[in-house]
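**Student:** Sequence:
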Amino acid sequence: MILSLYIMLMTTISFSIYLSSTPISLGISILMMALLLSCTFASVMSSWFAFLIFLIYIGGMLVMFAYFLALTPNQHSIPMFNIPILIMSLLTLYFILFVTDMKMMSMSDFSDSFVFLYSQFNSPILILFVLILLLAMVIVVKLTYRSKGPLRPFF
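Mapping of the sequence shown onto the numbering used here: residues 900 to 1054, in sequence order.
Bear in mind the hints are in silico, worked out from the structure with no lab data behind them.
Ideal Cβ placement from N, Cα and C applies to all residues, glycine included.
A few of these clues could be false.
[Claimed, not checked] Derived Cβ-Cβ restraints for the label pairs, each shown as a range:
1) W947 - L992: 30 to 36 Å
2) V962 - S942: 43 to 49 Å
3) L1042 - L954: 41 to 47 Å
4) L985 - Q1019: 49 to 55 Å
5) I986 - V1040: 33 to 39 Å
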């Protein structure tokens, strides 16, 4: 049942992406979509796979969002009362409250997943991921120069 909740929320957010008019609302929608996608993967597959998919998805989308934001002129958005977003939100709340039978995760299940994450069995994989991230950070720092900064200076 929780899987159907995630799928309904992802569908609602994907429909609301078309209604976003500013880059900020588009970025928030993409972040919510990535979070729901990783929660769906975590409920179906392992949490490691969901975490990696989340990092890859967010990294790629934030780079694209940063370029889009750098090339778009500043726009002042006026908050409006948008009927389609209100209807989709109310329908989503209806399905969440009345249709699905949500089963909450207990704290013992949550602590067991963290124990498995940092167990002796997974320590070489964890160290490998930390070293890969450290190597990627060092490579990015060495490849970028101060003169070859962003497209638009932020000062």
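**Student:** So, for every hint listed, does it hold in this structure?
**Tutor:** For each hint, the structure was consulted:
1. W947 - L992: 30 to 36 Å: holds, 32 Å
2. V962 - S942: 43 to 49 Å: violated, 28 Å
3. L1042 - L954: 41 to 47 Å: violated, 20 Å
4. L985 - Q1019: 49 to 55 Å: holds, 51 Å
5. I986 - V1040: 33 to 39 Å: violated, 47 Å
Hint compliance for this structure: hints 2, 3 and 5 are broken, all remaining hints hold.
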